[in-house]
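Participant: Residue numbers (our numbering), protein chains in the order written: chain A, 1 to 294; chain B, 1 to 294; chain C, 1 to 219; chain D, 1 to 219.
By construction, these hints were calculated from the structure, which means they are not laboratory data.
Among these hints, one or two may not hold up.
Below, computed lysine-lysine pairings styled on DSS-like, alpha-carbon distance capped at 27 Å [unchecked claim]:
{"hint": "1", "chain 1": "B", "residue 1": "Lys138", "chain 2": "B", "residue 2": "Lys158"}
{"hint": "2", "chain 1": "B", "residue 1": "Lys19", "chain 2": "D", "residue 2": "Lys92"}
{"hint": "3", "chain 1": "B", "residue 1": "Lys138", "chain 2": "A", "residue 2": "Lys201"}
{"hint": "4", "chain 1": "B", "residue 1": "Lys201", "chain 2": "B", "residue 2": "Lys158"}
{"hint": "5", "chain 1": "B", "residue 1": "Lys201", "chain 2": "A", "residue 2": "Lys291"}
{"hint": "6", "chain 1": "D", "residue 1": "Lys44", "chain 2": "C", "residue 2": "Lys124"}
{"hint": "7", "chain 1": "B", "residue 1": "Lys138", "chain 2": "B", "residue 2": "Lys201"}
{"hint": "8", "chain 1": "A", "residue 1": "Lys19", "chain 2": "B", "residue 2": "Lys201"}
Just so you have them, the derived chain B footprint on chain A, three or more residues with Cβ under 8 Å [stated by the list, open to error]:
{"hint": "9", "segment": "20-27"}
{"hint": "10", "segment": "180-193"}
From the three backbone atoms N, C-alpha and C, an ideal C-beta is built for every residue, glycine too.
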Amino acid sequence: MRVLFYSIQSALKNLWAEKWINLLTAFSVGIGLLILSTFITVTFNMDSVLKRWARSFGIVVYLDDDISAEATDTVRELFKQDADVLEVNYISEDEALRELRLILGSEASILDDLERNPLPSSFELKLKRDLLIPSYVKKKAEEIEEMSGISQVQYGEKWLASLNTVTRIMKASSIFLGGAILIAIIFITYNTIKIFFYRRKEEIETLKLLGATKSFIRLPFLLEGLIIGIVGGTIGSLALFGIHSVLVAKGLDFIPSVRAIIVSIPDEIFLSVPVAGALMSFIGSFIAVGKIRY
Amino acid sequence: MRVLFYSIQSALKNLWAEKWINLLTAFSVGIGLLILSTFITVTFNMDSVLKRWARSFGIVVYLDDDISAEATDTVRELFKQDADVLEVNYISEDEALRELRLILGSEASILDDLERNPLPSSFELKLKRDLLIPSYVKKKAEEIEEMSGISQVQYGEKWLASLNTVTRIMKASSIFLGGAILIAIIFITYNTIKIFFYRRKEEIETLKLLGATKSFIRLPFLLEGLIIGIVGGTIGSLALFGIHSVLVAKGLDFIPSVRAIIVSIPDEIFLSVPVAGALMSFIGSFIAVGKIRY
Amino acid sequence: MIQFIDVSKFYEDVVLKDISFSINKGELAFITGPSGVGKTTLLKLIYAETIPDEGNITVAGWEIRDLKQRTIPYLRRHVGVVFQDFRLLHNKTVFDNVALALRIHNMHPKEIKEDVNEVLKDVKLKHKTNAFPQHLSGGEQQRVVIARAMVSRPTVLLADEPTGNLDSANSEIVMNLFKEINARGTTVLIATHNESLFHHTGRRVIYLKDTAIEREVSG
Amino acid sequence: MIQFIDVSKFYEDVVLKDISFSINKGELAFITGPSGVGKTTLLKLIYAETIPDEGNITVAGWEIRDLKQRTIPYLRRHVGVVFQDFRLLHNKTVFDNVALALRIHNMHPKEIKEDVNEVLKDVKLKHKTNAFPQHLSGGEQQRVVIARAMVSRPTVLLADEPTGNLDSANSEIVMNLFKEINARGTTVLIATHNESLFHHTGRRVIYLKDTAIEREVSG
Ligand SMILES: Nc1ncnc2c1ncn2[C@@H]1O[C@H](COP(=O)(O)OP(=O)(O)OP(=O)(O)O)[C@@H](O)[C@H]1O
Ligand SMILES: Nc1ncnc2c1ncn2[C@@H]1O[C@H](COP(=O)(O)OP(=O)(O)OP(=O)(O)O)[C@@H](O)[C@H]1O
Ligand SMILES: [Mg+2]
Ligand SMILES: [Mg+2]
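Okay, chain A solo, but in the shape it has when bound (with noise of 0.2 Å):
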């Protein structure tokens, strides 16, 4: 295991000999993954702030007027049977008001005033998470409207389509710009390493003739690769929880949804960063180093 020592030993040397360049590429490969876990943090909160927006989405059917307690039975039961919808909650007239009153806030007084309600009772649907594809949708709610004892159908059509929207372009930039960053993160630490592969290229073939195995020869770089990506994860895990830290101190109450985004963030990434920096650079030296031919 002498072999490892020497590679560990010549692998110290010569990042301490190049530390500013080396320093550099852990502190790129660091910002590189700030920017990807950053962005994956807010992906994966962006996503959960969309999965409980798709669950507040409601089909709203508004019941006529003068409906009677069985007929709003029957199409209670009708709805209950298919198998689109995942909830149905009844709301009654009084229900509807005290909703409106807390809408109203301080002004709902303003109500007190009023002699009858003049508010429908209505069932609210909430489909399955999967059927919310705006064409879908529509389609159901047509249906709906034609049922006997329903006078209007209503929900958020430009929302459903925008919360589609957003789904798809999440997911189609996630993969481009997660991609492109991982991408780039290799590359850097494959450039960097190149370099000092370069540098000792006449070191590297005086080596092969004087009889050195491919593991003497690629096992300093490669654990350089390593140490630079472990170093450079570590700063972008640092960063991360640096920005995490102070975006929670300061409260962002500003939007809620947007504060959701931001605050809420795994544990295990800040865990994660460093090692996806060192596998990243592994690879990155790995390329770099190449094939070594006799």
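Please arrange chains B, C and D with the ligands on chain A, whose structure you already have, making use of the hints.
Facilitator: What follows is chains B, C and D with the ligands alone, placed relative to chain A:
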């Protein structure tokens, strides 16, 4: 001017000989610039959104229910003479009711049953932009509340605090992330040009001994850096344009403020990105070539 | 120890054609011939820097033809080479240049230090231990290369124009070194155009001319 | 053409001490002495690869002391050097290696082609025009270096051990080349330990020994 001819020839030859590493460099520079320019666009738009939000920030001063017309005028005059106040709007009881009607939309019919208007009249004050500091606004509101004829003063306290935090965080992260990415871009080119420089170190030493001038030695490297930067910048610019076009085409009207952040983009940025790429890469290669001594 | 059977090597032109000879274990022999005749090429075939286009070569029991990429390093550890173009590392001291030949054997640092210091004494370069090659004269560099080739006690020692940079006094020192190494049992093969190296030594000399062996004589 | 006045050069040790001599325009002279005496160092002082610690050097009218970084290249364009360690570029062909010496003068590509081809004919390497240096024998490389030093028609030609890699036949070819260049008016200074190069030539020989000039004689 044959120096320039030889330099361009040499630069192009070297660029071609190492096309993959050069493309990857340009690509990484492009990614960096894409992220940077996206970030700048978002910051830029965010800033104007924040400005708009700030403009919409008002202190609502509710007047006593039984206030006389003269007393109202006195209060108005006081506000108009206040140097802190940018704008004063009087909202009568009737106007307040009309606004509520707009807010309620389809459910406004419930207001028809009202016998008398329960809403108070009010003034809406807009403060100067640079006075929107939470502590200052708070003091102001308390002062106004002391005045005669005033029943209550309301403003978005939390909202204002958030506005301030967001503005500050945005400025800090602009500087931090922008600086970091710029350094990374410079470094990426530095790294690649350094590879070429090292690979041709022997050649450079020999050229010096044969009597080559400094510019004969340096120019090819600087040109290579410049070309890499321009190509990288163009990649970044095209990517930005592509992404922007997709977002505009998809007509994201999900959250209007988000739409405003994403969609508005100054045309100059598409030209600035390649120029920035060229500049950064030139700086990187300049540092990489370093001082040449005989 | 070294055996060539009908070996040919072509680059753009034919360089070597149907070369056959064998050097016995413990022998010290010379290869000579005009510039560009293929002396260096012949040595490169022995340590597998290049492979023959025809024929068979055996070195210290290894069949060069059948060598796998993986086993080439192990052959080379048995063959010390004094390269015509030196191949010294400019960023390493004389000590480290010589030590490299032992490090790749994964030898213990302490043993390395002892062996290197001893061999530097042998080539009269003890005082340049910590110098860098580009700070040495051509003749001093030549001797560092010889030291590096010797230090791992190879079974076979190849020397390519080992006195090209040396005056007659230093040439004699170096030749005496080779004789000593040879006396300790190492097979030595020296490529040179310097006839005074082998005149009146009684050693075997292989004359190359126009791609072939012209004659073998005792010098 | 070349004048040394009380020149000294120290590295860790004193290498040259109070050297004075002068080479006239159009002369062909030799410097000799044992390995490590400072021959290469003396030549390096002439083309300003290293600067003297004491004394004054004048080369083709340039005062080496007073040279600015910016003007060093222009001195070097007047001094062709055959380096002891060749300094050929491995990724360039023989043609491009030689052409380099003209490219840095920003000469026209067509002229470059003519001049390079002519000089390669002179050194008998026309057939290796497109070969790469590492594919050449030691002697062939030596001649490429000579071609590169000649091609720009320098005022002064320095040659450091130019026959170290050459057999006697090739040595003669090369020496005749130097005589020819000299006959055309170039001042030539050759450092060598090969006494046969200057014996019976009647040229001036400067003997170096232990940091000083021992004697100057006609060889
Ligand atoms: N890798 C190569 N590719 C193409 N040609 C080569 C290669 N190596 C050597 N040659 C050619 O083969 C011939 C023999 O070269 P070699 O180096 O073996 O000669 P040599 O006998 O060592 O000469 P010298 O005494 O000058 O060193 C030369 O003409 C050289 O140009
Ligand atoms: N840059 C340097 N730094 C330190 N010492 C040096 C440097 N260059 C040369 N020397 C030392 O100066 C002495 C003279 O070296 P030089 O190369 O001039 O000798 P030389 O006469 O050319 O010898 P040879 O015939 O072996 O080429 C040597 O002992 C050498 O080690
Ligand atoms: Mg040879
Ligand atoms: Mg010398």
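Participant: Could you run down the list of hints and mark each one as holding or not?
Facilitator: Each hint tested on the structure:
Distance restraint check for Lys138 (chain B) and Lys158 (chain B): the Cα-Cα separation of roughly 11 Å lies within the 27 Å cut-off, and the hinted pair is therefore satisfied. In summary, the hint linking Lys19 (chain B) to Lys92 (chain D) is supported, as the alpha carbons are separated by about 19 Å, within the 27 Å threshold. The straight-line distance between the Cα atoms of Lys138 (chain B) and Lys201 (chain A) is roughly 69 Å, outside the 27 Å bound, and the hint therefore fails. Only pairs whose Cα atoms come within 27 Å are accepted, and Lys201 (chain B) paired with Lys158 (chain B) is rejected, the gap being roughly 62 Å.
The straight-line distance between the Cα atoms of Lys201 (chain B) and Lys291 (chain A) is roughly 23 Å, inside the 27 Å bound, and the hint therefore holds. For the given pair, Lys44 (chain D) sits about 25 Å from Lys124 (chain C) by alpha-carbon distance, which is consistent with the 27 Å threshold. In summary, the hint linking Lys138 (chain B) to Lys201 (chain B) is not supported, as the alpha carbons are separated by about 67 Å, beyond the 27 Å threshold. Our distance criterion of 27 Å between C-alpha atoms is met by Lys19 (chain A) and Lys201 (chain B), whose separation comes to about 20 Å.
Counting residues of the segment 20-27 of chain A whose beta carbon lies closer than 8 Å to any beta carbon of chain B gives 4, which reaches the threshold of three, so the coverage claim holds. For the segment 180-193 of chain A, the proposed coverage by chain B is satisfied: 9 residues have a C-beta within less than 8 Å of a C-beta in that chain, meeting the threshold of three.
Violation of the numbered hints given earlier is confined to hints 3, 4 and 7; the remaining hints are satisfied by the structure.
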